[in-house]
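We have chain U already, so just place chains C, P and H on it with the hints.
Chains as they are written, first to last, in our numbering: chain U, 1 to 331; chain C, 1 to 331; chain P, 1 to 331; chain H, 1 to 331.
Don't take each hint at face value.
Note: identical chains are not told apart, hence a pair may lie in one copy or across any two.
No farther apart than 16 Å at their CA atoms in a straight line, the calculated lysine to aspartate or glutamate pairs in the EDC-like style are these [to be verified]:
{"hint": "1", "residue 1": "K70", "residue 2": "D50"}
{"hint": "2", "residue 1": "K243", "residue 2": "E105"}
{"hint": "3", "residue 1": "K251", "residue 2": "D37"}
{"hint": "4", "residue 1": "K208", "residue 2": "E320"}
It is worth saying that the hints were derived from the structure and are not from the lab.
No experiment lies behind these values; they were computed from the predicted model shown.
4 protein chains.
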Amino acid sequence: MELVRLLYRHPEVEVASVTGRSAASQHIGEALPHLADLDMMIEPELGDVDFAFSSLPQVASAEAVVEVVKRGVKVVDISADFRLKKAAEYKEWYGATHPAPELLEESVYGLTELYRDQVKSARIIANPGCYPTSVLLALAPVLKEGMITEDIIVDSKSGVSGAGRGLGLMYHFAEANENVMAYSLNGHRHLPEMVQELKAIQPEFEPKVTFLPHLIPMTRGILSACYVPLADNNRLPAGEAGKKALLELYKEFYKGEPFVRVVSVSPGTKQTLGNNYCVIYPTIDLRTNRLIVISCLDNLVKGAAGQAIQNMNLMLGFPETMGLEDLPVYP
Amino acid sequence: MELVRLLYRHPEVEVASVTGRSAASQHIGEALPHLADLDMMIEPELGDVDFAFSSLPQVASAEAVVEVVKRGVKVVDISADFRLKKAAEYKEWYGATHPAPELLEESVYGLTELYRDQVKSARIIANPGCYPTSVLLALAPVLKEGMITEDIIVDSKSGVSGAGRGLGLMYHFAEANENVMAYSLNGHRHLPEMVQELKAIQPEFEPKVTFLPHLIPMTRGILSACYVPLADNNRLPAGEAGKKALLELYKEFYKGEPFVRVVSVSPGTKQTLGNNYCVIYPTIDLRTNRLIVISCLDNLVKGAAGQAIQNMNLMLGFPETMGLEDLPVYP
Amino acid sequence: MELVRLLYRHPEVEVASVTGRSAASQHIGEALPHLADLDMMIEPELGDVDFAFSSLPQVASAEAVVEVVKRGVKVVDISADFRLKKAAEYKEWYGATHPAPELLEESVYGLTELYRDQVKSARIIANPGCYPTSVLLALAPVLKEGMITEDIIVDSKSGVSGAGRGLGLMYHFAEANENVMAYSLNGHRHLPEMVQELKAIQPEFEPKVTFLPHLIPMTRGILSACYVPLADNNRLPAGEAGKKALLELYKEFYKGEPFVRVVSVSPGTKQTLGNNYCVIYPTIDLRTNRLIVISCLDNLVKGAAGQAIQNMNLMLGFPETMGLEDLPVYP
Amino acid sequence: MELVRLLYRHPEVEVASVTGRSAASQHIGEALPHLADLDMMIEPELGDVDFAFSSLPQVASAEAVVEVVKRGVKVVDISADFRLKKAAEYKEWYGATHPAPELLEESVYGLTELYRDQVKSARIIANPGCYPTSVLLALAPVLKEGMITEDIIVDSKSGVSGAGRGLGLMYHFAEANENVMAYSLNGHRHLPEMVQELKAIQPEFEPKVTFLPHLIPMTRGILSACYVPLADNNRLPAGEAGKKALLELYKEFYKGEPFVRVVSVSPGTKQTLGNNYCVIYPTIDLRTNRLIVISCLDNLVKGAAGQAIQNMNLMLGFPETMGLEDLPVYP
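Isolated chain U (complex conformation) (with noise of 0.2 Å):
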């Protein structure tokens, strides 16, 4: 739904089509009140388009996004179906057979920053998840300059959104108000993407990442803090010129990018809220050497559709920031 939101105001986008399972044959007004100018019909099959996103759930999604690849159709999936690259390791963190492994070499994650080349020329793109790209972008620029060790400690706080709409326990109200706890203390899914992505970065690492999400009390929202020892070779000038040079490594490197924002004060979820940025503050813990990075992001804009909507723009040859110039919504 949050797509939907977005692509409302993109002014090369028409919302043609709209597909639901348990909410197919509503006015899309009667399911979800706050798209009721949309004025359509929630459909159980997918109309015709030029374009299309998933956000099916695994497995399903994969189904879905062949079908339409195969007419012709370049899509763009929030699922996490095409993002691990080895069938095997699909198979061991989902739980099922990849139902079209042979498109897994084709498809390209979608962390625009990083692959914006292979995005514009992509059939089919893997949306990157939420919290991989907290961390992914928090990590890129000391990862490829070297300068960290693979001892990677990443402590991530997630609104409740992030589960989506799916009723639990866990996510009622009068459980979730007022508490805070660590969630998937044997893995969690975005672990081994993460892995993944870190190596396809910088491919002699071989990184040791420790990921814990927490689930807090608030709606959208992600910040993880990244902790990692900086390489003995690491090039910084030692105490707080070397904070200053960081920053400026960070500054630089994403020079230019209209959605990351590295900044010199530590930043709040709350600066992205509704909006495409992912905020980035890059500092080191003087008395151990300890890279501290930490990223923020709205989990639902950046962390998936945001992020998509910027794929579908250099998928489709429109200026990277078309229909995200909103800034966040604050307070």
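Quick look at chains C, P and H alone, frame taken from chain U:
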């Protein structure tokens, strides 16, 4: 005010004198309506008492404690003034010369579970900080056993009440709600306290601690996630058996402790709201062989007023749990 | 579960048997971690007890109450089954034939402050609904004095816990957070209960009540605002003196009541969190000569489990406040 | 700051000058990080502009407006300074002599839906208060038709952002969270504004309004519930048919309005978050023959900055919806 709330229910305590500065000369129910049943005035100076607690700001607290101790009255200092044992370190972190360095040695760090005997005979208790309480209880069992390395990462999430009633834009509802942010990136004052006390538990240990607190949109509660590589000689069996053995070690360590609950499922802070528990969940990230220990507590109870009463009970010869028997308010 | 939390601290009560349906055969700490200290199993059927509470759903509750009463066990029914005294009205509002209409007459409406004597000798207590408790206590003083007209508007705001632990999109954190909405616009089941009991207080009164409950983003607490034109013969002095006289009338009416606090400043629900108070603020809109009475309570305590224990105390000859002495958890 | 957020996306507007007092001489991104993309300085005095908005505090705003109008620049005053048309009433409610009473007559009350034509040709717009906007749009249809009596009760619930960024214990997260309270019981400043404008809609009407605002734990949003007995000659059919007819009357009244949505299901404020809608749900309490109208809006958008831009669009000849097309951010 949390102390008064709890003491009001303590069968052996009568609240004889409550001091305040801005609220002096008001009825307690005027300043704090939920305490109206106490029916007493807030005084500018402490009256005649048999036992005292201080929650004054730093420096002022030490000065008040000295006066009270001179009168022959035992005291629990909830401020930070007697926590750091070295006057030089106090000056470095609190920016002031300690007003009573001669008492630093004598005062006892009141982490009750670890220093029960010393607490019993103390005149001055330095009541631990909320974050250090959550971290020290989380790591003590493996630290005592020498099972961990010195590379400790602590990522804590705290409700807003930890910052007190002082006003600041950061604590304005419209700013703190739907937001999460890290703070004190150059070093939180609870860091030297943690390091000092980790060493006290295991003297040959030189902990390298990165501690990052976060403000999340809830009123009460702290959840700390501690990440530490296991030592090579950790003596734990491999795989899932190691997790089980670890859990047993924690259960054994805290056996009989009324306020430490070792659990086998990831806990939420809500399981401690308004009560004196510290809930601890130890586990292992088997992919990286790192220990993860999660601990939860109510920052105003086990992290402050509750632990202060627990210490008072020991100092006055009452049962340790007296007045602290309430179960958590849930949901 | 709130009942168990409170009873655990009651010096004269031992929780002997806890039943549950979906959670039957689980340890209570497995289903409800915050109650783990009780160390007992959830049973499918009630064990051997001297006194019982029922929180079963409607109809099922009445059936269980009949069984228990047959055994000679007194019971407080927290469900709605014995509140409406006319079986026909029960059928109209609850859509089912009452399973034990013969007991409706005998059961006592357990609004303790108004029916203390009847409660003492009752076998079955119909524990009042959370909204009616807030409204009846707010209006009883002026109603008894015949000072108001029959045109009553009640606008109530409730936390989400009032809806129980059942799942529903409306209670999903992402929906309920940052949202407020009115519900039950065609008539909430607490309306006939209010009307019946307003009449019981003042038999010649034919109240025309509009009652509109709202769901707001908090877990616990109800605040009701009652708007009623003053009767012509209200005997209050004009202007500010009238407000004062009104306040005195309320203070006099509830003098000595341990759980009703009449206050002179607009109260917040937080002043009742976790405790058994009903806080009432009566005033007059001098521009329109309308009475405004605001009342606050914790829907799970004075609005349910706390009032149930208050009633039990009277039925068993214990001091009325026993086990209910906790002050509110604030902030 | 909400005005700047919205204007940034307006295709015909360039933000040329932003003034501030405490933040003067700061980069806008330093004071308000989410607006950093504007890349401009906050100035102490307004620069050269073609159109102006004022959000200054009362009195100061009128003084600034006079200066700006003298320059020949049209202005929307978001403060309350030009809302009350009688200088004496202004003095009574705002405690100050109006600095420009000669302009009160000329300025137009900018409730766009009702005063579209006057707005188009105005030099000064008194932008309506957030509460009055919600109430006047809710009652205008039945008021114009003479279908209601004069006994109006308005119970409003507002998020905390309505109070601005000023600090106060009442707005501290730990106080406002998990709390609801009524305020301004002696009369809120929006009351005389409501009364004046209700009379303006229906001159022979002498409304007796009780207005009670409540603070609830959310950031944005106002929901007002208006309760009014239907007039005897209301011309609505009896029973459910009356509800239907009422709904049709509202739909007809607001037909073609881009920002007023009349709905047939009880709405939540979340359906307006960040956008310029006012969502209205009219119904009848058939048991008492009272009209209930519920209206929702975002206090910072339709209740302030959004409506200000809507008015500017008309004053400058732009399409009324320009820059305000965003759908609500949901969830």
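Each hint tested on the structure:
{"no.": "1", "hint": "K70 - D50", "result": "within (13 Å within a copy, 55 Å between copies)"}
{"no.": "2", "hint": "K243 - E105", "result": "neither (39 Å within a copy, 37 Å between copies)"}
{"no.": "3", "hint": "K251 - D37", "result": "between (40 Å within a copy, 15 Å between copies)"}
{"no.": "4", "hint": "K208 - E320", "result": "neither (34 Å within a copy, 44 Å between copies)"}
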